[in-house]
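Trainee: Chain by chain, the residues:
There are 2 protein chains.
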Amino acid sequence: MPCVNPNYSKLQAGYLFPEIARRTAAFLKENPGAEIIRMGIGDVVLPLPQAVCEAMKKAVEEMGTPEGFRGYGPEQGYGFLREAIAAEFALRGAEIDPSEIFVSDGSKCDTGNFQELFGADAKIAVTDPVYPVYVDTNVMAGRTGEANGVAYEGLVYLPTTAENGFAPELPKERVDVVYLCSPNNPTGAVMTRAQLKTWVDWAAENDATILFDAAYEAFIRDPEIPHSIFEIEGARKVAVEFRSFSKHAGFTGVRCGYVVVPKESPFHAMWNRRHCTKFNGVSYPVQRGAEAVFSPEGRRQCMANIDYYMENARLVRETLSGLGVKAHGGENGPYVWMETPGREPSWNFFDRLLREANVVGTPGAGFGACGEGYFRLSAFALRENVERALERVKRVL
Amino acid sequence: MPCVNPNYSKLQAGYLFPEIARRTAAFLKENPGAEIIRMGIGDVVLPLPQAVCEAMKKAVEEMGTPEGFRGYGPEQGYGFLREAIAAEFALRGAEIDPSEIFVSDGSKCDTGNFQELFGADAKIAVTDPVYPVYVDTNVMAGRTGEANGVAYEGLVYLPTTAENGFAPELPKERVDVVYLCSPNNPTGAVMTRAQLKTWVDWAAENDATILFDAAYEAFIRDPEIPHSIFEIEGARKVAVEFRSFSKHAGFTGVRCGYVVVPKESPFHAMWNRRHCTKFNGVSYPVQRGAEAVFSPEGRRQCMANIDYYMENARLVRETLSGLGVKAHGGENGPYVWMETPGREPSWNFFDRLLREANVVGTPGAGFGACGEGYFRLSAFALRENVERALERVKRVL
Numbered sequence: 056m057p058c059v060n061p062n063y064s065k066l067q068a069g070y071l072f073p074e075i076a077r078r079t080a081a082f083l084k085e086n087p088g089a090e091i092i093r094m095g096i097g098d099v100v101l102p103l104p105q106a107v108c109e110a111m112k113k114a115v116e117e118m119g120t121p122e123g124f125r126g127y128g129p130e131q132g133y134g135f136l137r138e139a140i141a142a143e144f145a146l147r148g149a150e151i152d153p154s155e156i157f158v159s160d161g162s163k164c165d166t167g168n169f170q171e172l173f174g175a176d177a178k179i180a181v182t183d184p185v186y187p188v189y190v191d192t193n194v195m196a197g198r199t200g201e202a203n204g205v206a207y208e209g210l211v212y213l214p215t216t217a218e219n220g221f222a223p224e225l226p227k228e229r230v231d232v233v234y235l236c237s238p239n240n241p242t243g244a245v246m247t248r249a250q251l252k253t254w255v256d257w258a259a260e261n262d263a264t265i266l267f268d269a270a271y272e273a274f275i276r277d278p279e280i281p282h283s284i285f286e287i288e289g290a291r292k293v294a295v296e297f298r299s300f301s302k303h304a305g306f307t308g309v310r311c312g313y314v315v316v317p318k319e320s321p322f323h324a325m326w327n328r329r330h331c332t333k334f335n336g337v338s339y340p341v342q343r344g345a346e347a348v349f350s351p352e353g354r355r356q357c358m359a360n361i362d363y364y365m366e367n368a369r370l371v372r373e374t375l376s377g378l379g380v381k382a383h384g385g386e387n388g389p390y391v392w393m394e395t396p397g398r399e400p401s402w403n404f405f406d407r408l409l410r411e412a413n414v415v416g417t418p419g420a421g422f423g424a425c426g427e428g429y430f431r432l433s434a435f436a437l438r439e440n441v442e443r444a445l446e447r448v449k450r451v452l
Numbered sequence: 056m057p058c059v060n061p062n063y064s065k066l067q068a069g070y071l072f073p074e075i076a077r078r079t080a081a082f083l084k085e086n087p088g089a090e091i092i093r094m095g096i097g098d099v100v101l102p103l104p105q106a107v108c109e110a111m112k113k114a115v116e117e118m119g120t121p122e123g124f125r126g127y128g129p130e131q132g133y134g135f136l137r138e139a140i141a142a143e144f145a146l147r148g149a150e151i152d153p154s155e156i157f158v159s160d161g162s163k164c165d166t167g168n169f170q171e172l173f174g175a176d177a178k179i180a181v182t183d184p185v186y187p188v189y190v191d192t193n194v195m196a197g198r199t200g201e202a203n204g205v206a207y208e209g210l211v212y213l214p215t216t217a218e219n220g221f222a223p224e225l226p227k228e229r230v231d232v233v234y235l236c237s238p239n240n241p242t243g244a245v246m247t248r249a250q251l252k253t254w255v256d257w258a259a260e261n262d263a264t265i266l267f268d269a270a271y272e273a274f275i276r277d278p279e280i281p282h283s284i285f286e287i288e289g290a291r292k293v294a295v296e297f298r299s300f301s302k303h304a305g306f307t308g309v310r311c312g313y314v315v316v317p318k319e320s321p322f323h324a325m326w327n328r329r330h331c332t333k334f335n336g337v338s339y340p341v342q343r344g345a346e347a348v349f350s351p352e353g354r355r356q357c358m359a360n361i362d363y364y365m366e367n368a369r370l371v372r373e374t375l376s377g378l379g380v381k382a383h384g385g386e387n388g389p390y391v392w393m394e395t396p397g398r399e400p401s402w403n404f405f406d407r408l409l410r411e412a413n414v415v416g417t418p419g420a421g422f423g424a425c426g427e428g429y430f431r432l433s434a435f436a437l438r439e440n441v442e443r444a445l446e447r448v449k450r451v452l
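So the protein sequences, as listed, match chains A and B. The numbering of the first sequence is our numbering, which starts it at 56 and goes up by one. The numbering of the second sequence is our numbering, which starts it at 56 and goes up by one.
With the rest of the complex left out, here is chain A (with noise of 0.2 Å):
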């Protein structure tokens, strides 16, 4: 037998979402003509603003000339993107150089890759319910031990539930590094300032490193919460911010986002070396695509999509208070978290939806040990579909 990593094996069953992809399949094998309403994996279906396939048709042509050919690109990103980023955070004051902005492929590859600059022995916190790729990637790398039921030893995991408003608790013990992520994902819930001001202290306090997913900031309604991390005073010391241009502008299939590592940050020059050794820089039409959103064009097309979106939420969120089920989300973020009826377990309550609806959502229990009882409903959909699988969906309830 070759030399093989130990940790992969104590990786339960499949990541989340191709283990829905593989039910669904499954059911639509044996239930050839059903429609089903995809509702689970959160990936949007609007199409891509005008102004970024304008920019991105544009980037090819000039790929095409001799004149304006490009071959490999800086790792970081083009100047021309990391000075629209950087004026962007600008405007909510944030100051951030373009230095500290790293333009990658998505922030999947983000948030899995950046454990790779801790030590080996660093203690991890993880809100619960979880983006399973916060921990799946720490097993890999054998930060953990065993899975016990959902949770793994050695993980720190801050229950985030309905009982404390989705508001996780400080550790109670030494934490290296934990993530956080506002607007969450799954539960829709924000941090506000003094909340973020409380990890930032306690960070710097603690020697500890914030590691911000804001993906969904685009989705933040309430002008009173922070978009960024930066924003808080103190934040440039300990803390890494992740964004994403995919649900922001639909780049779920174009792939692009950023990390933000500021100068002060221990973290910067080893990223940057991280960056330049194992990561090629981004695709040159997709980062000429990625400057278009930031437009007048592409910030108003953008936000046309997000209202649409955000509608859809509003839709899911009141029909369902409406039919008396507990909603969560949803109003600064393009998720709704619902509580099962009767906290049925939510592996039975999406089988039962897939089975009884066609309707696919994404199970809490598959964000851990928290999301047990919940179910989450995403509102990247086709507001036609939104309806329809409401009304299907308060058949089964």
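To be clear, the hints were calculated from the coordinates, so they are not data collected in a lab. Where is the CB? At the ideal position from N, CA and C, for every residue including glycine. Among the hints, a few may not be true.
Covered, in the sense of this in silico footprint (three residues per stretch, anywhere, with C-beta under 8 Å from a C-beta of chain A), are these stretches of chain B [unchecked claim]:
#1 160-168
#2 173-181
#3 327-334
#4 415-423
Starting from the structure of chain A, add chain B where the hints point.
Mentor: For chain B alone, coordinates are given in the frame of chain A:
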């Protein structure tokens, strides 16, 4: 101090290419009028083939329509591309199933990431000289001790020099993983069928894994030289192959590559898990561009570019040979590996060539201790620049 990965501090200086860029930029700052000719980094210069541009533009247009929009694709790549790639292998008698192909954003990422599947104590062998990514990524992962000069403790280096005809010998000690690259970067040497067979048999006998980097296979001219390790009997059990569209089709700025992991390999399921957990698929328009590489026009256009570069390689090799310089490679790969005058230290020769001839090449020492006294010249340049560079190089030799 936060809990950082201690292995990063073992890394020597900058990664090779950023260091070249740094020295070049410093020279240009001092000599703003200097007209530099770059034959260093091995970046393509000819425009993207028109068939690729057309396919990408069409895909971007699709993405702008409700019917044609695509969000998340399969992490492993779309079926249309995996099938086109599998058909390409079949042309040379290598049976590869589409499900064994994992599409990625480039070979630098793939060759850098694949080591994650091995145990922390896996013994790694590399040829010397070698593409630095293989080494640096294992250093980052903690599989080496400190650097001793340019060599890391714990790594097994296999000298490949003019003295052994650039054919590395089998390791004398226990090794779990060996990285092989043919056509070789940087030496330009290729491995024969018999040599590859020896390595495959050795791997089978020793429970070892061959990571075979075939990024330059499209440049092979000799019909007897294998393009894939999977043309060799027994390879499916012990080898993994990396391929790229970067040099083959001018994709250095477009970003697409792939890994072939046969089902017989214990790493097939693991790589699939890694790919699904840490990666989210390649940009859809990029995958359509890659598919077009295999269309009749795409093939013709790519081959015309490869012919152009290989004529450059011939010019470099023959001009240098005519000047009494020992110039290796350049016959089945795009790199000429010259011996420096009097085996002058290669960074010296780099600086001298930069200052006196305003030509940028790659110092052999950047690829390992056995690269000292060598210098890599890339065939990826415009003909006119190759001719001018050779005129200037004459003056320095």
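Trainee: Identify every previously stated hint that the structure contradicts and give their numbers, smallest first.
Mentor: 4
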